[in-house]
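In order, the protein sequences belong to chains C and W.
Residue numbering for the first sequence follows this note's numbering, beginning at 1 and increasing consecutively.
Residue numbering for the second sequence follows this note's numbering, beginning at 1 and increasing consecutively.
Calculated directly from the structure, the hints in this document are not laboratory data.
You can trust all of the hints, since none of them are fake.
Quick look at which bits of chain C chain W covers, simulated, 3 or more residues with Cβ under 8 angstroms:
#1 80-88
#2 97-107
#3 110-124
#4 158-166
Since we're looking at a predicted model, the values are computed, not measured.
In this text, a Cβ means the ideal position worked out from N, Cα and C, and glycines have one as well.
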Amino acid sequence: MSGHAVGETIIICEHVNKWYGDFQALKDVSMQVKKGEVVVICGPSGSGKSTFIRTINRLEEHQEGRIVVDGIEMSNDIRNIDAIRREVGMVFQQFNLFPHLTVLQNVTLAPLWVRKKTRKESEVKAMELLERVGIIEQARKFPGQLSGGQQQRVAIARALAMEPRIMLFDEPTSALDPEMVKEVLDVMKTLARAGMTMLCVTHEMGFAREVADRVIFMDKGQIVEENTPEEFFNHPRHERTKLFLSQIL
Amino acid sequence: MATDVSQPQARAPRPSIDLIGWLRQNLFSNWWNSLISMALLFLVFQTLSGLFNWIVTSDGWPAVANNVRLLLVGRYPPDQTWRPELVVAMIALLLGLSGGLWRGIPLALAAGFALLILLLGLIALTLPPDQVAPLVPTTLFLFGSTGLVALGVAVAWRLGNLLRWPLVVAWIVLYPVAILILRGDATTAIETSLWGGLMLTLILAVSGIVLSFPLGILLALGRRSNLPVIKWFCIAYIELIRGVPLVTVLFMASLMLPLFLPSEVRIDAVVRAIVAVTLFSAAYMAENVRGGLQSLPRGQTEAARALGLNVVQTTLLITLPQALRAIIPVLVGQFIGLFKDTSLVVIIGLTDLLGMAQAINTQPQWLGIAGGVWRETFFVIAVVYWIFSFTMSRTARQIESRLNVSH
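Isolated chain W, as found in the complex (with noise of 0.2 angstroms):
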């Protein structure tokens, strides 16, 4: 008919391809392509195959088992627990009112973290009857922090933009007062001596990005300055730091920070750590900021000056947030580096998550065991690493692709 020829299609022609045509067209297109192909697939069988089978036979799952409580917060004293669940409860609860409050984003690590506690929580179950009775308060705390998301997500749905600023300030308050909950009260302080595990791992890892972020970004305000002074101290601190190994750094806080200070000034091994990593992340910190500075169109800033806007101003409103949105992908590239890169502070005698698996590896009960536990350990703390970088990673590709509509 005449008029169907004129008629534009409604959409562009979608090709229709079901399983074996995929597998046809994308992997056995020809005889050598089969053939790569094959040889891969063998590849992946095998080794998953195996992963398998060591993970169904190993009689080392026990020395991970029976040292939950290790990995997960060092030699904190069991009978203060209760102050790292605390805390947890409270990531909990307020991951949970954040995720019902503005969904998205939030809402989905909401939605993970519940998952992978009641997940632990689960596996904890599925333990013989003799190792689950002492776990069973964990358990049962597990649940109880799954719940408190959901509580938090409900409440939030209900009372919308009222929470907004009280949550905001809760997130702000939420590292501090972790800390104090931590480390106790003057009379039963605990030592910092005594934290370890995931626990320390997370602490230094959080408390360096908090802390290098805002350094970073003055460091890279200072090298752009137009006061020689500051000027050359950026670029002299920026360009000291990146030329050394982040153990030197560690080092450096750890013995030889003492001799430069009085005898009775004693800085926690905890505090040196991070300050350390602190200071070494800000430089790294420093120069991706300015990258992004460097980045925008000259137009922006002459255009915020020509509206009479003070340099202040200026950086604070036009060319700062624009040069921060530009280096998100490399920010949280670094935050992971430097999540991972804690664990370099097992050199100065903290026991981090680490430095736990280590420290398991050479309990005596696993001795007869054939080749050590550490291949089981290490296994496990690769999964959290994994789970907590990837967690971070994806959740910058979320933010990415929001923050690309408004360009």
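So that you can see chain C by itself, here it is in the shape it has in the complex (with noise of 0.2 angstroms):
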């Protein structure tokens, strides 16, 4: 069950709005996470939670409220949000692997470029960690020669290779054949056991329950209910929460 270890306040949003013209996607998000915790987002499409997971890095902009990421509070200065970026990994639904590279040099890529490693020292750091996600075999080979879940776990291997001290994953196996799902979310549970602070928009039920701190259900925009996956799941207390846990259980 959950239970990691659980520090200081790494993630604050305090009511985070906003609009795409006039379309309302993010209506007063509120939450906080603490370093070591895992928190999954849930909701059913077009509920904001992808947009919210990206608004932590920036990928999305708010236009109301408060963000503040390991320390760093989030403004327009191009700096702020670099420094962020630096510290969060992402892993994104389409994986996003660099197709003109191999997948060592998609690893080691930001570590020599953003953290300005030597090339030696990132490409032992990289060889680690395909080791950790099982694909080392493939680290010559170009994205485009790799299974789905291969590539899955090089996008892992890449955010990790930051060393970052928060990882996003933003619907990381939505996009796999169900054959693959299962390796992409071990390398998952591994890291969230390793006392990895992950923030994930999932649909995948088990993962939440099994690896979980809390899980925050997210509709139109709002969250509805937040809460352990123990209560979540066997307690929910909204309709709306109740009505989706219904359909895809």
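Hints in hand, dock the two standalone chains.
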């Protein structure tokens, strides 16, 4: 079950509002994440969960409210944003590996150019990470030669290579064939148990039950319910949550 | 036997068709198909036999043979011929070295180049004896250059990766060095007005390609910029240039530019042509690059930014390499177009390959030939243009299929 060693607060979101034109995508979203916590965000499509997770590293801009990540206050200053992005790793639904670079180059790119590490240093680290996610034999291949599950594990290794303090997962298994979901979830579970602070948008309720400390349910841009997995799955409070759970479980 | 039935076939069955079978299947499958095939074959035969007949019987070929020098280097001073020859020799050596080092495409290019100059040398030897004598030094030079290619391949084959960076640097400095060699030193400066023929065509094309490529990339990036001033400048430039024909740009550069400049500043005619071709080509290049950038999924930029790469790093490491890769066919198409478009400089008084052919047509010694010699000269320069364009297009195909492996 859950129960990771939890430390001080590392993400603070207060009254975050976001509009696309006239459409309000996020309505007064407030939440906090503590160091080492694993938080799963779920909800129907269009509920704003992806948008929300993407405001945390400023892939989406919010218009109102306050976001503080690892003590850095999010502002329009690009240096602030870059500082946050260096501490926050992200894994995408569509993997978004760089197709013109080999697996190894994908993983070493950011340490080389952002952290200014030496080639040797970043390659040693990269090989170590690729071994951890179980694809060390594919290091010299190009992403296009890998299966979806393998690509997603490379994407996780690529994000970890920056030694982030927080990992964001934006529906990491939604684009995968069913038989590949498990290999990605296993990597994520290992990561969670190792104490990584994780924020996951996912529909994998098994994963939520097993490793999440908290589950957040969003609908229409709002946080509807927030609870421990135990309570969330067994005693959902809101009608909307009950309906959602009855549809996906 | 029972086991044979479950035995999977090792290979997909391959249709075995001989020549007759192929003809029957593809050209004579039924009566009207046969009729069309016969008609087309007749047409092809007529055309080719007519062409062959003309090539053999025409008495206009001396117009080409006697003017090889003009077609190649224009009115470049004969006693300075060693300058372009030196440049060709340098290219031969570098091609050979590149072929030996990188194999693959460079090796094919080196082999093609060696074969071509060897053929030219051999053709020169087949001419009547009285015409061969003055060509002997050129022929020797051509054979020598062929030898240089072979030497380069052999040397690079041996030395291998040791040559890599020196060779890259050598290719980069080749262009300025070649221009310096052709221009001559201060005392014996060779006016660019004397430059002409294939040499001028190649200088214009190479300059246009080399200069418009980075300029086009900058314009494409500028057009996508968030800064309004840069963005609007780039849009205005691109749309203005794309809205006018190259001839107009050439006229602007050659006739109107001097009006705007103080009278003591005289810009060389060839430089003006290069500037015009570059500015013109850059606008098209920009739109092609922009197309390539737009074809990339948004996720590429997002992933790069999420990793902490800044805008410049994201562009140089992630988006631009992928965009350029995606537009190789378009780029080469544009380079081929630019190469052939340089023939328009005839209008502003430069005698490139096409200009030289026209000049030869009006030489008095061919007036006696019925119908003139323009067929012969134009045929030859068309073949020359074709060889270069075809080489570019084949090379691009090779690069494409090479890069596809990585996707």
